[in-house]
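Chains as they are written, first to last, in the numbering used here: chain A, 670 to 805; chain B, 484 to 1046.
Derived by calculation from the structure, the hints in this document are not laboratory data. A few of these clues could be false.
In silico EDC-like pairs for lysine to aspartate or glutamate, Cα to Cα no more than 16 Å straight-line [unchecked claim]:
1) Lys634(B) - Asp658(B)
2) Lys665(B) - Glu865(B)
3) Lys559(B) - Glu521(B)
4) Lys893(B) - Asp704(A)
5) Lys919(B) - Glu865(B)
6) Lys893(B) - Glu679(A)
Output of the computed footprint for chain A on chain B, the stretches with three or more beta carbons under 8 Å from beta carbons of chain A [claimed, not checked]:
7) 505 to 514
8) 856 to 865
Ideal Cβ positions, reconstructed from N, Cα and C, are used throughout, including at glycine.
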Amino acid sequence: MSGEDDIRLELLFFSVGGVHFAVDSGQVAGIATYDGEQADDLFWFHEEMGYDGNSVSYHSPNIVTIRTGGVSSYRVIIDSMEDIAEFSQNDIRLFPPLLEVFSLRRGMWGVLPRHGRMVLLVDFKRLIREIRPDIN
Amino acid sequence: MLISIRKKVLGLTFLCIFSIAAVISVISIMNIVSRGEERIAAYRATLLSEKKQQIKGFVDMAVGVLEKMPAEDARKAIKNMRYGQNGYLWIHDFNNIMVSHPDPRLEGKDQSDLRDPNGIYILQEITKVCRDKGEGYVNYVWKVPGQEEMKPKITFARAIPSRNWIIATGIYVDDIDVLVAKEHGIIKREVSSSILQYIAVSLTVLVLIQIVVFFLVNRFIAGPIEAITGVLKNFNNDLTITVPVTTADEVGEFARWFNEHIGRLHQIIGKVSGITEKLHSHVGAIASSMDHQSGFSTQLSSSVVEISSTMEEFTSTASQIAQHSQGVVERADKTLDDTKNGAAEVENLSFKVNDISLNIQANLSEIVELGRKSKEINKVMEIINNIANQTKLIAFNAALEAASAGEAGKRFGVVAVEIRRLADSVVESTGEIEGKITEILDSVNRLVMSSEKSFQLIQEGQEYASHTVSMLIESVDGVEETADAARQISLSTQQQQIASSQVVLALKDIEQGVRFATDSIYQTNSATNELAELSEQLRTLVTTFKIGKADGEQGTAAIQETL
């Protein structure tokens, strides 16, 4: 994540289980179709995000390959890719310090209002550090 | 107005005696009066006879003179003869021509027309009497010489045939009436005196007789009756008393018979007293029994009414049942016919259903084929959708690469965006098509399911129809039996209705009879109550009679022994 002011971010928007998320497109190495593959480096987004035990339906699952910068790969199955769009950093709102502690554990570092919705910004690298320390 | 026997007897006796005395008095008075009148008549006759003798004597004397004298001398002598105050003689011939008269104006004139105020032709009458009898008397009225008053006069005339003369003289007899009137007064006074004496004697005798009668009535009639009355006044229903018998006449007999009847009444009242007591006790028992019977009869009547009402309801219900059973019979017959018709219709229906089933099967095959082809279309759409998704994915990857490329990849990014939009629109279209196909498939599935279900239902219906036909055929016999049974039930119900109607009529008769009986009991009860009151009144009346030491007891005991 680029942290400098006036920096514009290219965000990939998707939704899982009715919740809208966005990730920096720079973290995404590629997008592929999910055809039922199972692998050690392939995770369901909702599991990674720790959805509250509820089963989530994926309508159009796709696999995003996250740039890890290391040997191991990290792929996440997401759903309903919507768009790739550019936003200003000023459009993004950070979580309050009280919640930031808990949200960063899941890689969520901010909120972007878009089209009347709250889009949660996910940092997969942080997420990997938090929950997949074995992936480097 | 109360008139005692004494007064009646005295009155009757007085009346009788007075009547007798009055009759006798009247007769006596009439005798006395008639004797008086006879005396007066005799007196009158005597006076008149004297007058007649007097004038006859004068005429005899004159005739003696005439016979001794020549005619002329005799005429003069007669003319001058006078007697008394106004007495004179005259001579007229048989032609009524005056020959000699103290009034010379009358001599030589025809005096045939000489008439008194009463119309008596005086000389004509005298002449007639002398012609018929030779002499006689004639009465007429004539005025007294020197006076204008007319007075009664009697004339004696004698015919002297030798000279063809009639010599006559008259005398006024008005003094006779005076003398007779005087004598009449005397006689009248004598008669009045006699009458008064007679009345006085009669009254005296009447009073004496009344006194005697009064004594006798007191002694023999009123006295005994008053004695009896005195006893009866103090009767006070004491049947032991007796009236005194003091005479041997009707009153005594009356008293004797009264005593005897009182004695008999004494016995009768004694018997009646005993009977009344028994009657009173029996009436009380009867009244009590009638009360019980009345209550029972009332209950019976109400029970009969209830039974009658119940039977009427039963009859009504039976009638309704009869009607309904008749209706059931009719419906059973109709049901039988309908069942037979139904069996035939169901059989026809079964054939039709079979045809429908075959038709549905054919349609089902077509629908299944349609569903299969829809699925094939869906597969194609899936392929297109996959291609669109892959295209979209490629567009996303292109956008990522364009973003990684920075400025150099901007135009590529635009292309990638357009491709993504195209892919989105393809996906959207395919999604719509897929949706439609899905809807079609859903409709087909539903139709297939419905058709299969309908086929199953038709199969089942066909089975049911076949089963129903067989059941209907079986039920025809049952319906026939049911119809027969319904007819039997209807007949039985009608008979039951008739029987219940007869029972109702009989109950009504019983009810009426019970009502009559109840009314009779009420009347009897009423009569019994009246009888009890009457027996009580009778007992009260009987106790008013004294028949012994204790009123009614002695007599009652005797009567009870007798009974």
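Report task. Provide an ascending list of the numbers of those earlier hints which the structure does not satisfy. Result -> Per hint list: 2, 3, 4, 7, 8 violated.
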